[in-house]
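Visitor: Below are the chains, spelled out letter by letter.
Protein chains: 2
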Amino acid sequence: MFMILTKNDIEAMGRIERLNLVNSLTGPKPANLIGTIDREGNPNLAIFNSVVHIGSHPALMGFILRPAGDVRRHTHENIRATGVFTINSVGVEVIAGAHYSSAKFDAEVNEFTECGFTEEYLPDFPAPFVAESRLKIGLAFDSELPIPSNGTSLIIGRIEHVMMDDSLFAPDGKLDFESYDAAAVSGLNTYYSVTKKAVFPFAHPGKFPETLNEKKV
Amino acid sequence: MFMILTKNDIEAMGRIERLNLVNSLTGPKPANLIGTIDREGNPNLAIFNSVVHIGSHPALMGFILRPAGDVRRHTHENIRATGVFTINSVGVEVIAGAHYSSAKFDAEVNEFTECGFTEEYLPDFPAPFVAESRLKIGLAFDSELPIPSNGTSLIIGRIEHVMMDDSLFAPDGKLDFESYDAAAVSGLNTYYSVTKKAVFPFAHPGKFPETLNEKKV
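Protein chains in written order, with the numbering used here: chain A, 391 to 607; chain B, 391 to 607.
Calculated from the structure, these hints are not laboratory results.
Treat the hints with caution; some may be incorrect.
Intra- or inter-copy, both count: the list cannot distinguish identical chains.
What the hints assert, rightly or not - Simulated pairs of lysine to any residue, SDA-like, Cα-Cα distance not exceeding 20 Å:
no., residue 1, residue 2
1, Lys597, Pro457
2, Lys494, Leu455
3, Lys397, Asp562
4, Lys397, Asp514
5, Lys586, Asp571
6, Lys397, Ser533
7, Lys586, Asp556
8, Lys397, Asp555
9, Lys397, Arg548
10, Lys494, Pro433
11, Lys397, Ser543
12, Lys397, Tyr511
13, Lys586, Glu483
14, Lys597, Thr503
15, Lys586, Asp555
16, Lys397, Asp571
17, Lys494, Glu600
18, Lys494, Thr601
19, Lys494, Phe598
20, Lys397, Asp532
21, Lys397, Asp556
22, Lys597, Ser543
23, Lys586, Ser569
24, Lys586, Arg429
25, Lys494, Arg405
26, Lys597, Gly404
27, Lys586, Val482
28, Lys586, Glu568
What you are looking at is a predicted structure, and each value in this text was computed from that prediction instead of being measured.
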């Protein structure tokens, strides 16, 4: 059976139920830890489920930043202060620690140690990477686009460095997230592993896609 | 072993390799079909991997729109002309047809029939839903935020209708994407199923998350 909820039904929901539902509607989301540092050298780490591909050339990634809440505010202040941040893909084996980074820790708490992660740095790039991540991206702040409809922002970064386990990388540039065991998220707190079902060629009119791999869909 | 790619390494890649790599860097992405209609009643359907949660109250979702390419242009023109669009979650059983919608079909081609889907309509809401989807959202155009860094846009819609298989919906608002068999995507053409690993409570400082469910991580 199908159920239909209208805008009014959603507005009439309790806050938590509405948060859970609306955060689920996009489908499976990527789980990423964003690492930043303030001018005094205090690192910050927080999970974001809103990282989105903006473009490949130039290579740009973005995420939605909510102004309310300490966790997000530290991330924002640090990016604006230092001009850099890292995006670190979350593997299934560290989802508990990654989720813990969403707690509202005080500014002086180091979320890396608190959540079981290790800071890692590249020369001449001040933002901390997550050593435990198998895919880590260092970005320079590019732009912030305010979203007037609800006071959030789209923060965009230019990719400066990509560090990854070389077993992830195929010659054509594709990354294998199943062997990597990358986590996906739905809503605010449900975590998934992913299993590869099909790789399709670029689609052309008149040719219904057949899988490039041998796995059955 | 870890490999490190710099900005210059990425810029020096071939176009396809760079597209594959940079599109993979966010981690697993949601697979959604966006349905629109023009003023003459011709429907359009195209897959997007960039749908992102913008906010819950008001309930807003967005996606990144590339201006180049016919598929995207039809989506854009139709949204601006009619003020409405639909986001339809892709189940694993229809990934081949969903991927096929990324082909550059001529304007007169109906991607619904061409890709094996069925149009479905709600009264007083002109944009077509995908009947085969178990989670379909009807949105009213809210705003378009141009992204100056690469000429793309963030298109934001206000959620007007949610239609879903009622077996998906839990009383707390969470949706179960494993039982639903929602697809995730990496890069441009690798599709995954998802398997639930853990549900955590909201995180609080001092309480390292333990799973709410019985599944082992």
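Visitor: Against each hint, give a clear statement of whether it holds in the structure.
Guide: Quick rundown of the hints versus the structure:
1. Within a single copy, Lys597 and Pro457 get their C-alpha atoms no closer than 46 Å, and across copies no closer than 24 Å, so neither meets the 20 Å cut-off.
2. Proximity of Lys494 and Leu455 under a CA criterion of 20 Å is satisfied intra-copy only: 15 Å inside one chain copy versus 33 Å between copies.
3. Taking the closest pair of Cα atoms, Lys397 and Asp562 come within 20 Å of each other only across two copies (17 Å); inside a single copy the shortest separation is 44 Å, beyond that limit.
4. For a Cα distance limit of 20 Å, the shortest separation of Lys397 from Asp514 across copies, 14 Å, qualifies, whereas the shortest one inside one copy, 49 Å, does not.
5. Both within a single protomer and between protomers do Lys586 and Asp571 lie at most 20 Å apart by alpha-carbon distance, with minima of 11 Å and 13 Å respectively.
6. When the C-alpha separation of Lys397 and Ser533 is checked against a cutoff of 20 Å, the pair qualifies only between copies, where the shortest distance is 18 Å, while the shortest distance within a copy is 32 Å.
7. Taking CA atoms no more than 20 Å apart as the test, Lys586 paired with Asp556 passes inside one copy only; the shortest distance there is 19 Å, against 27 Å between copies.
8. When the C-alpha separation of Lys397 and Asp555 is checked against a cutoff of 20 Å, the pair qualifies only between copies, where the shortest distance is 18 Å, while the shortest distance within a copy is 44 Å.
9. In this homomeric assembly, Lys397 and Arg548 come within 20 Å of each other (Cα to Cα) only across copies, at 9 Å, whereas the closest approach inside a single copy is 36 Å.
10. In this homomeric assembly, Lys494 and Pro433 come within 20 Å of each other (Cα to Cα) only inside a single copy, at 15 Å, whereas the closest approach across copies is 46 Å.
11. Taking CA atoms no more than 20 Å apart as the test, Lys397 paired with Ser543 passes in neither setting, with 23 Å inside one copy and 25 Å between copies.
12. For the identical chains of this complex, Lys397 and Tyr511 are inter-copy neighbours only, at 17 Å across copies versus 46 Å inside a copy, given an alpha-carbon limit of 20 Å.
13. In this assembly of identical chains, Lys586 and Glu483 lie within 20 Å of each other by CA distance both inside one copy and across copies; the values are 18 Å within and 13 Å between.
14. When the C-alpha separation of Lys597 and Thr503 is checked against a cutoff of 20 Å, the pair qualifies only between copies, where the shortest distance is 14 Å, while the shortest distance within a copy is 52 Å.
15. In this assembly of identical chains, the alpha carbons of Lys586 and Asp555 lie at most 20 Å apart only when taken from the same copy (19 Å versus 24 Å across copies).
16. Neither within a single protomer nor between protomers do Lys397 and Asp571 lie at most 20 Å apart by alpha-carbon distance, with minima of 37 Å and 26 Å respectively.
17. For the homomeric pair Lys494 and Glu600, the shortest alpha-carbon distance between copies (17 Å) is at most 20 Å, but the shortest distance inside one copy (47 Å) is not.
18. Taking CA atoms no more than 20 Å apart as the test, Lys494 paired with Thr601 passes between copies only; the shortest distance there is 19 Å, against 44 Å inside one copy.
19. Taking CA atoms no more than 20 Å apart as the test, Lys494 paired with Phe598 passes between copies only; the shortest distance there is 13 Å, against 49 Å inside one copy.
20. Taking the shortest Cα distances, Lys397 and Asp532 sit within 20 Å of each other only across copies (14 Å), while inside one copy they are farther apart (35 Å).
21. With identical chains, the CA atoms of Lys397 and Asp556 are at most 20 Å apart between copies only, with a shortest distance of 17 Å across copies and 46 Å within one.
22. Within a single copy, Lys597 and Ser543 get their C-alpha atoms no closer than 40 Å, and across copies no closer than 30 Å, so neither meets the 20 Å cut-off.
23. Taking the shortest alpha-carbon separations for Lys586 and Ser569, both the intra-copy value of 9 Å and the inter-copy value of 17 Å come in at or below 20 Å.
24. Proximity of Lys586 to Arg429 under the C-alpha cut-off of 20 Å is found in neither arrangement, the shortest distances being 42 Å within a copy and 39 Å between copies.
25. In this assembly of identical chains, the alpha carbons of Lys494 and Arg405 lie at most 20 Å apart only when taken from the same copy (19 Å versus 42 Å across copies).
26. Taking the closest pair of Cα atoms, Lys597 and Gly404 never come within 20 Å of each other, the shortest separation being 47 Å inside a single copy and 25 Å across copies.
27. Taking the shortest Cα distances, Lys586 and Val482 sit within 20 Å of each other both inside one copy (15 Å) and across copies (10 Å).
28. In this assembly of identical chains, Lys586 and Glu568 lie within 20 Å of each other by CA distance both inside one copy and across copies; the values are 6 Å within and 14 Å between.
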